[in-house]
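Trainee: Now for the letters of each chain:
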Amino acid sequence: MSEKLYAVSVEVNGTLREAQVSARQTLVDFLRDTLRLTGTHAGCEHGICGACSVLLDGQPVRSCLMYAVQADGCKVTTIEGLAQPDGTPGALQDAFCEAHALQCGYCTPGMIVAAHALLDANPAPSEHEIREAIGGNLCRCTGYQQIVDAVKLAAGKSARSDA
Amino acid sequence: MSADPVSEFRYIGKKRRTKEDPRFVTGHGRFVADIALPGMKHVALVTSPHAAARIVAVRAEAALALAGVHYVLTGEELCAATEPLLIGVDAPKALRYPLACGVVRYAGEWVAAVVADTRALAEDAAEKIEVEYQPTEYVLDPEKAVLPGSALVHPLHGSNVLYRRKFVWGPVEEDFDRAEHRLAFRVHWGRSATVPIETFGVAARWDPGQQLLDVWASIQMPKFPEQTARALRLAGNAVRVHFDVDVGGSFGVKRGIKHTVLVGYLAKKLGCAVRLIEDRLENMRGGDMHGPDRIFDIQAAFDADGTIRSLKIRALDDVGAYAGRSPLQLGKPVGAIVGPYQIHSVEYEPISVMTNKTAQEAVRGFGQSPTNYALEAAIDRVARHLGMDRIALRRKNFIRKDQFPYLIPSGTTYDSGDYHAVLDKALAAADYPALLAARDAARKAGRLAGIGIASCLEPSGGNSSFEPLFNPKNETTTWMDSCLVRIDLSGAVTGVMHTSSAGQGHETLVATVLGEVLERDPGTIRVVHADSLNALPSNSPVGSRMAIMLGGAAAGAAKRIKTALLAIAAHNLKQDLSELVYRDGSVSVRGDAGKSLGWDQLVEIAHRKYHLLPPGMEPGLQAKFVWEVPTGGGLPTADGRVQMYPCFSFEAHVVLVEIDPATGQPGIASYVCGHDCGVMISPDIVHGMTYGGIAHGIGAALYEKFAYSDNGQLESQSFMDYLIPSALEVPAIAIVDHCTPSPHTAFGQKGSGEAGYLGAPAAIACAVNDALEPLGVSIAELPMTPLAIWTQLQTASLPAKTKSSIR
Chain S
1 MSEKLYAVSV EVNGTLREAQ VSARQTLVDF LRDTLRLTGT HAGCEHGICG
51 ACSVLLDGQP VRSCLMYAVQ ADGCKVTTIE GLAQPDGTPG ALQDAFCEAH
101 ALQCGYCTPG MIVAAHALLD ANPAPSEHEI REAIGGNLCR CTGYQQIVDA
151 VKLAAGKSAR SDA
Chain H
1 MSADPVSEFR YIGKKRRTKE DPRFVTGHGR FVADIALPGM KHVALVTSPH
51 AAARIVAVRA EAALALAGVH YVLTGEELCA ATEPLLIGVD APKALRYPLA
101 CGVVRYAGEW VAAVVADTRA LAEDAAEKIE VEYQPTEYVL DPEKAVLPGS
151 ALVHPLHGSN VLYRRKFVWG PVEEDFDRAE HRLAFRVHWG RSATVPIETF
201 GVAARWDPGQ QLLDVWASIQ MPKFPEQTAR ALRLAGNAVR VHFDVDVGGS
251 FGVKRGIKHT VLVGYLAKKL GCAVRLIEDR LENMRGGDMH GPDRIFDIQA
301 AFDADGTIRS LKIRALDDVG AYAGRSPLQL GKPVGAIVGP YQIHSVEYEP
351 ISVMTNKTAQ EAVRGFGQSP TNYALEAAID RVARHLGMDR IALRRKNFIR
401 KDQFPYLIPS GTTYDSGDYH AVLDKALAAA DYPALLAARD AARKAGRLAG
451 IGIASCLEPS GGNSSFEPLF NPKNETTTWM DSCLVRIDLS GAVTGVMHTS
501 SAGQGHETLV ATVLGEVLER DPGTIRVVHA DSLNALPSNS PVGSRMAIML
551 GGAAAGAAKR IKTALLAIAA HNLKQDLSEL VYRDGSVSVR GDAGKSLGWD
601 QLVEIAHRKY HLLPPGMEPG LQAKFVWEVP TGGGLPTADG RVQMYPCFSF
651 EAHVVLVEID PATGQPGIAS YVCGHDCGVM ISPDIVHGMT YGGIAHGIGA
701 ALYEKFAYSD NGQLESQSFM DYLIPSALEV PAIAIVDHCT PSPHTAFGQK
751 GSGEAGYLGA PAAIACAVND ALEPLGVSIA ELPMTPLAIW TQLQTASLPA
801 KTKSSIR
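As given, the protein sequences belong to chains S and H, one line each in that order.
So that you can map any letter, position 131 of the first sequence is 131 in our numbering, and since no number is skipped, the others follow by simple counting.
So that you can map any letter, position 215 of the second sequence is 215 in our numbering, and since no number is skipped, the others follow by simple counting.
Read the hints as simulated data drawn from the structure, not as lab findings.
Hints may be right or wrong, so weigh each one.
So, partial list: chain H residues that the calculated Cβ filter (under 10 angstroms) puts toward chain S [what the hints assert, rightly or not]:
#1 V195
#2 F251
#3 I277
#4 L407
#5 I685
#6 G692
#7 I698
#8 D710
#9 M720
Distance windows between CB atoms, simulated [unchecked claim]:
#10 S/G58 - H/E8: 46 to 52 angstroms
#11 H/Q665 - S/Q70: 46 to 52 angstroms
#12 H/K624 - S/K157: 42 to 48 angstroms
Dumping the calculated SDA-like pairs for lysine to any residue here, alpha-carbon to alpha-carbon at most 25 angstroms [claimed, not checked]:
#13 S/K152 - H/P683
#14 H/K19 - S/P89
#15 S/K4 - H/H70
#16 S/K4 - H/L66
#17 H/K128 - S/K152
#18 H/K14 - S/A91
#19 H/K19 - H/Q622
#20 H/K15 - S/E98
Computed from a predicted model, the values in this text were never measured in an experiment.
Where a beta carbon is used, it is the ideal one built from N, C-alpha and C, also for glycine.
The task is simple: from the sequences and hints, build the whole structure.
Mentor: So, in structure tokens, the structure goes:
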């Protein structure tokens with residue numbers, strides 16, 4: 001089947017990526033299959049579980065509910081882009097390790113993306129604000145407690161460094 | 001035992017980061033959907049729209065005409081070319097294949113598989129396949145399915161009953177006759193499952209040169225390579241399963257044998273790599289991963305002082321249209337059939353029945369959580385019947401800590417525990433008097449509030465003797481796990497495990513244990529997963545067994561390494577072993593620290609200096625250890641008494657639930673879990689699994705249900721209908737640890753992977769019913785959804801005052 005292809009140009013984790021995509025290719029498939037950035041995961045593919053969350057121009061979105069063509073001209077940050085330049089975990093990722101805020105690791109990238117967006121907007125969130133912010137990301141392993149702990153930890157660290 | 005049982009350890013029980021987390025937080029996990037093989041093709045499925053039908057014709061021409069579509073596989077071809085999948089009980093005519101053969105038995109059953117260049121194209125093609133059906137009679141109600149004259153799911157089997165037996169352990173009738181009180185009731189555990197966020201996936205590649213099938217799969221399944229090979233009519237060593245695939249959650253259900261046989265067959269047939277990744281609909285409907293769906297009829301015999309003498313338990317479990325190991329989920333509860341209570345005798349009648357629904361698979365706890373819900377409901381009803389305090393009744397019947405080892409009527413001996421202390425700690429942490437005051441204040445203010453109390457046992461590390469218990473033709477009593485430890489020439493330590501992991505932190509477990517025994521920093525120890533052709537025997541992480549079994553195997557292998565190091569030192573220092581001290585990997589002479597050999601020197605002798613090795617010693621530095629369940633494996637007695645599990649963890653839950661009287665929406669205001677799993681090897685991991693188990697239990701108790709319409713259609717097919725608790729439904733949870741070491745294990749550890757889930761549903765159900773009690777109504781079925789609660793509120797005969805406040 002020869003599907004018509006469209007040129008897209010997306011800045012992904014700071015690097016401009018150009019590709020020809022079909023109209024129906026979702027953003028998550030573009031990231032995973034075309035760019036081979038497999039840190040972003042597909043969980044439900046209908047916009048509920050949040051595993052596929054990425055930042056689109058700084059805002060968390062579900063990459064399974066977007067087409068790649070819709071990201072044309074946008075900046076996308078995936079879990080890979082939240083690490084430090086040398087590839088070691090960033091502050092929030094490190095807090096997830098410290099609090100053991102994950103088990104199987106499948107929801108983790110989306111969870112970190114959601115928490116990252118929260119801390120960008122609100123550096124000192126309350127527990128309820130944290131739960132609200134990750135309320136659209138389902139986790140089956142952790143019961144969320146250590147995730148909340150990790151976000152608090154990361155918030156505390158950034159608050160101290162800001163002081 | 002000292003006040004702090006882990007104080008003697010260097011790494012065990014200490015706060016340490018896990019080995020696995022860094023790769024996941026940076027997006028470098030390696031899940032099955034991340035594995036892209038050269039030339040890989042993709043599978044989509046054609047599924048049945050009928051609960052039961054004869055397949056008249058499958059027309060695939062239009063699909064095959066699409067460019068990029070390579071093959072359409074039908075059940076007819078696959079069933080002729082493969083062996084039927086294994087069934088846990090003796091039911092050789094209830095055949096099961098990956099694709100329906102001639103008839104479909106549930107809506108969503110796989111009828112044909114399409115192979116195409118992309119997943120999207122395969123899905124397009126699947127829609128173009130025309131299947132002609134002739135609908136037939138079906139049965140959805142398990143109570144109707146057991147009756148004569150019912151539609152038969154597998155007519156050749158002759159009935160819908162897969163397994164039925166009445167066990168009697170102890171003088172049940174005498175105890176019932178003698179008891180001062182008796183009561184009977186029914187509760188229903190609804191159809192839910194663990195539903196991991198990663199669906200099931202499998203990729204396979206056939207190597208024609210080596211005549212070898214390579215498999216990467218999202219699995220948690222004992223004997224998976226052997227079963228795959230057998231079904232594909234291949235030698236065991238013609239299938240290589242790669243256990244280094246990260247599994248995105250399983251909690252029991254990721255068995256995937258039908259998926260793997262299908263994909264393995266296609267890979268071999270087409271001579272290319274083939275992958276199947278379920279989408280969510282496929283996972284919920286045709287993935288065959290539903291959990292227990294169980295009706296309990298319970299009778300209890302007890303005295304006025306609260307002594308519970310005997311129980312009669314009838315458990316009717318709806319396994320759906322096909323059986324794998326699912327009927328055996330009625331077997332595990334035999335190992336803890338009286339829970340934590342001193343109950344003198346038990347009658348247990350498990351009935352496994354087939355209906356025209358999606359098939360059941362193993363779910364966290366393997367049937368223990370539903371049984372515990374029924375047991376705890378019995379305790380609450382006895383308390384209500386006698387007007388006795390629920391906590392006092394539990395305390396009265398708990399096995400006391402001085403009674404261990406304790407033999408229960410069904411033939412299992414519990415290892416150790418202190419149930420009174422754990423419950424007391426949980427009540428103290430919850431500030432029980434304040435909790436009561438909060439509940440009563442809420443009630444006075446016109447709200448509905450209730451406290452739930454539940455305790456439960458977590459049998460762990462078992463030997464799978466429910467297999468011979470439920471099928472005398474199956475004499476499985478061995479259920480080992482293994483570890484291989486290598487010290488390389490550089491002195492680095494590598495542990496090899498022989499199964500895949502699904503988030504349980506096994507790499508951390510092995511590294512911690514090896515570090516503890518060898519006194520080396522676990523952070524420097526690498527742990528890898530073998531593949532099935534170079535693996536030692538393992539039975540995969542089922543039944544809360546890995547801390548016990550893999551931890552025990554790792555300890556055993558490390559001790560062998562340590563013994564070898566000491567022998568090399570004794571030979572070279574010309575000292576008796578009794579004069580030597582091992583510390584941090586070096587060996588010195590007692591009282592003469594200058595006379596010693598360091599780790600690097602010992603390792604070098606082992607690897608390079610044969611002339612310095614003790615005579616007869618194997619060169620290199622490696623050790624394997626294969627460990628059987630510490631209480632061994634014995635066949636059940638004729639009356640079905642058996643020791644399946646060596647270790648018994650315990651938990652006590654104290655919960656405050658408030659219900660919105662206008663909507664029936666429950667909310668959890670306070671949650672405390674007292675937990676004793678012996679020595680915790682990694683407290684963060686144990687606590688994480690317990691929090692997660694409780695969240696999962698909240699789902700089973702309040703939200704999650706695979707609901708069916710009257711015509712057999714699954715109505716909860718997405719996360720919009722099958723509701724998994726989010727961070728807003730799961731409250732902050734306080735876990736209170738207690739430690740009663742197990743006498744059977746290397747460090748006193750017990751299992752904990754099913755913690756939380758086993759007790760939470762009982763506790764939450766208890767709380768909801770406590771909240772409803774002032775209205776004179778109750779609910780006896782899980783999940784207690786907002787709608788179910790609201791319906792009860794509407795039918796309640798409310799006192800005028802409460803009625804006005806609800807308005």
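Trainee: Does each hint fit the structure? Answer for all of them.
Mentor: Verification of the supplied hints:
no.: 1; hint: V195; verdict: 7 angstroms, holds
no.: 2; hint: F251; verdict: 7 angstroms, holds
no.: 3; hint: I277; verdict: 8 angstroms, holds
no.: 4; hint: L407; verdict: 35 angstroms, violated
no.: 5; hint: I685; verdict: 7 angstroms, holds
no.: 6; hint: G692; verdict: 5 angstroms, holds
no.: 7; hint: I698; verdict: 8 angstroms, holds
no.: 8; hint: D710; verdict: 26 angstroms, violated
no.: 9; hint: M720; verdict: 6 angstroms, holds
no.: 10; hint: S/G58 - H/E8: 46 to 52 angstroms; verdict: 51 angstroms, holds
no.: 11; hint: H/Q665 - S/Q70: 46 to 52 angstroms; verdict: 36 angstroms, violated
no.: 12; hint: H/K624 - S/K157: 42 to 48 angstroms; verdict: 43 angstroms, holds
no.: 13; hint: S/K152 - H/P683; verdict: 20 angstroms, holds
no.: 14; hint: H/K19 - S/P89; verdict: 14 angstroms, holds
no.: 15; hint: S/K4 - H/H70; verdict: 21 angstroms, holds
no.: 16; hint: S/K4 - H/L66; verdict: 16 angstroms, holds
no.: 17; hint: H/K128 - S/K152; verdict: 51 angstroms, violated
no.: 18; hint: H/K14 - S/A91; verdict: 23 angstroms, holds
no.: 19; hint: H/K19 - H/Q622; verdict: 22 angstroms, holds
no.: 20; hint: H/K15 - S/E98; verdict: 9 angstroms, holds
This entry does not satisfy hints 4, 8, 11 and 17, going by the numbered hints stated previously.
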